[in-house]
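Enquirer: Once you have looked at the hints, place chain A on chain U.
2 protein chains.
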Amino acid sequence: MTPRISRREFLSAVAISSTASVLPRGAYSAAIEDAGAIPDISSHAPSLSWQDQGVLNLANSPYAKLHSVPVRAVTIEEGFWSKRRKTNVERSIPSMRLQLEQHGRMENFRRLVGKSSAEQQGPVFSDSDIYKWSESVGWALQSESFPELRGFADSMIREVVAVQEPSGYLNTYYQGERARERMLQHSQEVGHELYCLGHMLQAGVAYYRATGDSTLLDAGMRFVDKFVLPNYGPGPNQTPIISGHPEIEMALIELHRTTGKHQYVELAGYILEGDSRWKIDPKRIIYMFCGIPFTTRTKLEGHAVRAMYACCGAADYYLETGDAAYWKSLNVLWDDLIRRQMYITGGVGARSQWEAFGDSYELPNAQAYGESCAAIGNMMWNWRMLAASGEAKFTDVIERALYNGINSGMSLNGTTYCYRNPLAFDPASGDTIRNPWYDVTCCPPNLERTFASLPGYFYSTSKDGLYVHLYDNSRLEWHLEDGTPLSLRQQTKYPWDGDVALTLTPKKPSAFTLHVRIPGWARNAAIKVNGNPQTGVEAGEYFGIRRDWKPGDTVLLNFPMETEIIASNPRVVEDRGRVAVRRGPIIYCMEELDQSPGVALADASLTMSERLGKEFESEYKSDFLDGVVVLHHRGGVFETSSAEEALYSPATLTAPKLRPEDFTMIPYYVWANRQPSAMQVWTPYVRA
Amino acid sequence: MTPRISRREFLSAVAISSTASVLPRGAYSAAIEDAGAIPDISSHAPSLSWQDQGVLNLANSPYAKLHSVPVRAVTIEEGFWSKRRKTNVERSIPSMRLQLEQHGRMENFRRLVGKSSAEQQGPVFSDSDIYKWSESVGWALQSESFPELRGFADSMIREVVAVQEPSGYLNTYYQGERARERMLQHSQEVGHELYCLGHMLQAGVAYYRATGDSTLLDAGMRFVDKFVLPNYGPGPNQTPIISGHPEIEMALIELHRTTGKHQYVELAGYILEGDSRWKIDPKRIIYMFCGIPFTTRTKLEGHAVRAMYACCGAADYYLETGDAAYWKSLNVLWDDLIRRQMYITGGVGARSQWEAFGDSYELPNAQAYGESCAAIGNMMWNWRMLAASGEAKFTDVIERALYNGINSGMSLNGTTYCYRNPLAFDPASGDTIRNPWYDVTCCPPNLERTFASLPGYFYSTSKDGLYVHLYDNSRLEWHLEDGTPLSLRQQTKYPWDGDVALTLTPKKPSAFTLHVRIPGWARNAAIKVNGNPQTGVEAGEYFGIRRDWKPGDTVLLNFPMETEIIASNPRVVEDRGRVAVRRGPIIYCMEELDQSPGVALADASLTMSERLGKEFESEYKSDFLDGVVVLHHRGGVFETSSAEEALYSPATLTAPKLRPEDFTMIPYYVWANRQPSAMQVWTPYVRA
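Protein chains in written order, with this note's numbering: chain U, 1 to 688; chain A, 1001 to 1688.
Just chain U, same shape as in the assembly (with noise of 0.2 Å):
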């Protein structure tokens, strides 16, 4: 059940794919054929054409259990998502261009072809904000043309590629006058070369997919074949690699999903094993989530976002791969994640220093990191457990990090972002939560990618039919894999309102299954199917319908909206006496500038009766905050603000006296977009 290639098979893989031609633009579907020729990969040549590949191109992967549907077959249509991803495109994605020419992300290409003569600016990492940036609008051009960022991205991907050195390697830090330094073990363990070039190529995958151009992808392709497979790996004469930021294993297993070529998943799975002819200190082994076998990790770690793209990276080799051992270390982490690591929003990471996990249960809520690409990457590694598993509790997580943690971070004006996203505020602090630009501005593009890729996380075809995943208005047009043509249309206000109406058109009539998505929250959800109610609907899992389908049939469900309160493992000491509110999947948090004036959020207690939840009142207030349900609830605060009382004193057992006050709440994803304030998402609570 380890179907790894041995050491000495991958190095003749090596050998081939040195000689093996990189693609000219245009010369894309050609060298397709050609990389079918190379022995034994012929399998796996991609079946799908660029149109055709989803956010993960699963067709050919051997352990998916569910594949991608492209992002074009899915148009999201006014509701939830509809106007972050209008302002993703119109505001985020073309401001954020402005930023990374203010800030000379570009310059750095052009002083290399003696176009600038500016000084290296930004970090090391720099390269990776232009590959994010031409990543989104790769997505984004899948769902809509819009030339004006088709024109930019094209010309950005034109200065990149200008650069590429005849040796394929191009990364701006280490070249110029930083050359000798390149691939050395101390950059590979901070200089993010191989970090960079795992962007470029999902940029490049991305373009491709949106456009059939692969001159990024070819320029990313060349890196890896002309630069990096011969010269390093495992072979005697090959320098080591360590990713030093995971990023690349997913990358080249998605270039092999691109490609056909499978060296590249070869080579993914070379550096998830690590080199030990390289002594890494150990601490290091931690903080980079890579350099040792990835098989060996039994708990989550070090950086937080190394570690979710580790993951990713891994699930991505599982899937191709079918390693057993993948599996199972996926699961223990994933367990772990779950059960120790998670924040309620479905942020990771919970300390600012090295951006890190911290020890288990240790989720701070003011002073949570929860990094918005490590929301990202666990919604991203998520995907791949599910395309692996085809298990609801993957999706929960998903939805989860998508609708909070992950939601939380780019403001509803879509031109400032969070990086750090944590679950309780107060701007005396000084902290400013959202900012236009990070010197470190690897979120901004991360959300941008995310947002505009959205559609292709809605819905995902099985050998035996169809699954739905995420609930908006929204309409599929793909087909069964069997080929039969299908269209499916989404009526609904989720995540406002539990009721979803399906109503499926296959262009002929089908047996197929129709697998829903029952969040993991529904209690007591419902389904009809043309009317008629379903038995054995269980929370947290996919129901599977399975029938004759025929154009026009509709499955309504309902997920009841309740209020849910929700307690935190006692083993989290700060949510401890404290509880966070859930309506549906989104977590509910409050404002101080929402309350009654001089109500100190500190000082505030809901009230919790054995009605548990029914206290909270819910209310659709469609002009604020582009729209929300705010809830209402009567809890009270302290008669005397906690702030004149000493810091120690002997305790009583008479609770501090409150007095009644109204409370409003709004979804933790809306926060800070108004003046500072402070904010919470766990409050103490007294029973009534």
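Honestly, I wouldn't trust all of these hints.
Said to hold, decoys possible - Examples of chain U residues toward chain A, derived with CB under 7 Å: (1) Asp359; (2) Ser429; (3) Ile566; (4) Arg571; (5) Ser642.
Stated by the list, open to error - Within a straight-line C-alpha distance of at most 30 Å, the following computed DSBU-like cross-link-like pairs (lysine-lysine) qualify: (6) U:Lys657 with A:Lys1614; (7) A:Lys1657 with U:Lys614; (8) U:Lys550 with U:Lys508; (9) A:Lys1657 with U:Lys657; (10) A:Lys1283 with U:Lys657; (11) A:Lys1657 with U:Lys393; (12) U:Lys283 with A:Lys1283.
Treat the hints as calculated values from the structure; they're not laboratory data.
Since we're looking at a predicted model, the values are computed, not measured.
C-beta: ideal position from N, C-alpha, C; glycine also.
Expert: Chain A in isolation, oriented as in the chain U frame:
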């Protein structure tokens, strides 16, 4: 009320000082007379000989209400502190010398005189480790002659002064190849040159007060007089000064107190004011706690040790100048300390990241930094505030830090040290809390100098009599400020028992006030003078007993040693719903290894009744952890371990089921002296 001299006056003082002779070894008294000849500062020439100078020499400090008693005047007898202090001189100080040698800290000096070919070793501030170690020896020699330690220290000091340049400069990191980098803005900000000089001066002062040998003090003074004063300062031809890591300020003022030269006070004032000619990153202004006028500070922030040392320097400056703006700022900062920033152990500095103060009320337990040096800085600051005011609230902080957050810093065997002093611990975190060596080894010798100088903190004199600050078996042989010789004997089992017997033996019957400290926690304290109960005794005050004291008069103090349950302000999020347990000055904790097998601290709750505190039984165990009072308590643990529970789940109002368990608590300061085990100070509670 702002007696600081003007900038112009300061410059003229500088001109004088730069021509003042440095002190050749042995010629110290003459030099002091010489210093007395400098205009305007003659009134400040020290009146006490070296043997009679205390931890601080406040004899001539115009704004000191209390005056130090020399370390040698106080003998700590068999009791609470004797074992610790014996271990300190017999094991800690000697083993630290070996560690310093093994880690090349003296090689750095030898290298510069051609006696070593080793590379520079250790961080930029490594010289200070040598100075703090020498200072420890200096204080130790004031209690007892330790010929071997003295020999080592003498020889170390000879090796130190041998590298001093004719210019007066002395810093092994910036001599040799880095000479051109010295005292640039960057090196002043991060290079710790003046920090090392400050520690050289403090060591020189301690060693001089122990031995009369001014070799090291002379070298330090030469550095100040020849190198610093002429070249650095506010003058148009002088380079600005930023202390970078405050320390030089208090050292300069103690140099003034030792030599009578007032220009050192002026220099300290200039440094405390900050030199606006240099543009400093605002984040570094926060971090360094210097670079802007100290009197503009309104909260504790940035690097905790830097902040504490800056406050020490500012308090010292106030003691010499009476500058009201300083006293006001110091009190604002002290309120911030007490109300929002101090751990119950007296530790300060919440964050590992930047070793810094957190936001207000940010006092995590497991993640607490609570650097030993910061708790020591806290004690040093409060010692100065006490001297300026005579107010017991400052002594309460000294006692809190000394018995808990400082005392925890050294293992019972004296050879391993805490850098962090967290208030909760899980060995699964992988942290090793006590270590024999840190490459940044500031804390170990800081602890050593503190324990060595401890007798100097027991008593002070004032115009009207004597203050008793700390309680332990001890003898004072000193005199009142009118010159009347006085001995005082303390007999007590403090802190395990609250009875203290004081026997006073003035050489002749004398009218004076004996100020005995009633600890802030000692409600219902009682005092008898020669058997007569006193009235008006208040906790948290000095109780002044003015009478004609005759030889053999006795004062019996009784501080009811009750176990008290402490709650924190609800704004401390980790402590909400939890309590701490205190008995006298001792803060208690639970270590998992003292509980029944299988009991996880994370699942433990105390049981609180209306008899708050009476639910604990105390037991003195002489053969346990060097002799401690342990507390026994019947609490409870979850029937189902929280480790088995989900991270988030729907809240219920029914409390988890507990099964009764007998708990054992130990003083916080002895934690982590056995095998690694979970520990916590703050424990959840349920009502009985």
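Enquirer: If a hint holds in the structure, say so; if it doesn't, say that too.
Expert: Hints, one by one, checked against the model:
With its C-beta approaching chain A no nearer than about 4 Å, aspartate 359 (chain U) sits inside the 7 Å limit, and its interface hint holds. Evaluation of the serine 429 (chain U) hint against chain A yields a held restraint, the C-beta minimum of about 5 Å falling below 7 Å. With a cut of 7 Å, the hint placing isoleucine 566 (chain U) at the interface with chain A holds, because the nearest CB-to-CB distance is about 5 Å. At its closest, the beta carbon of arginine 571 (chain U) sits 5 Å from a beta carbon of chain A; the interface hint therefore holds under the 7 Å criterion.
Contact between serine 642 (chain U) and chain A, as hinted, is supported at the beta carbon level, the nearest pair being about 5 Å apart and thus within 7 Å. Simply put, lysine 657 (chain U) and lysine 1614 (chain A) have alpha-carbon atoms about 25 Å apart, close enough for the 30 Å limit, and the pair holds. Pair hint lysine 1657 (chain A) plus lysine 614 (chain U) holds up; C-alpha atoms about 25 Å apart against a cutoff of 30 Å. This hinted pair checks out: lysine 550 (chain U) and lysine 508 (chain U) have alpha carbons roughly 7 Å apart, not beyond 30 Å.
Restraint check for lysine 1657 (chain A) and lysine 657 (chain U): the C-alpha separation of about 28 Å stays at or below 30 Å, so the hint holds. Under the criterion of a C-alpha separation no larger than 30 Å, the hint pairing lysine 1283 (chain A) with lysine 657 (chain U) is inconsistent with the structure, at around 40 Å. Distance check on the hinted pair: lysine 1657 (chain A) and lysine 393 (chain U) sit about 29 Å apart at the alpha-carbon level, within 30 Å; holds. Simply put, lysine 283 (chain U) and lysine 1283 (chain A) have alpha-carbon atoms about 28 Å apart, close enough for the 30 Å limit, and the pair holds.
Hint 10 from the earlier list is the only one contradicted by this structure; the remaining hints agree with it.
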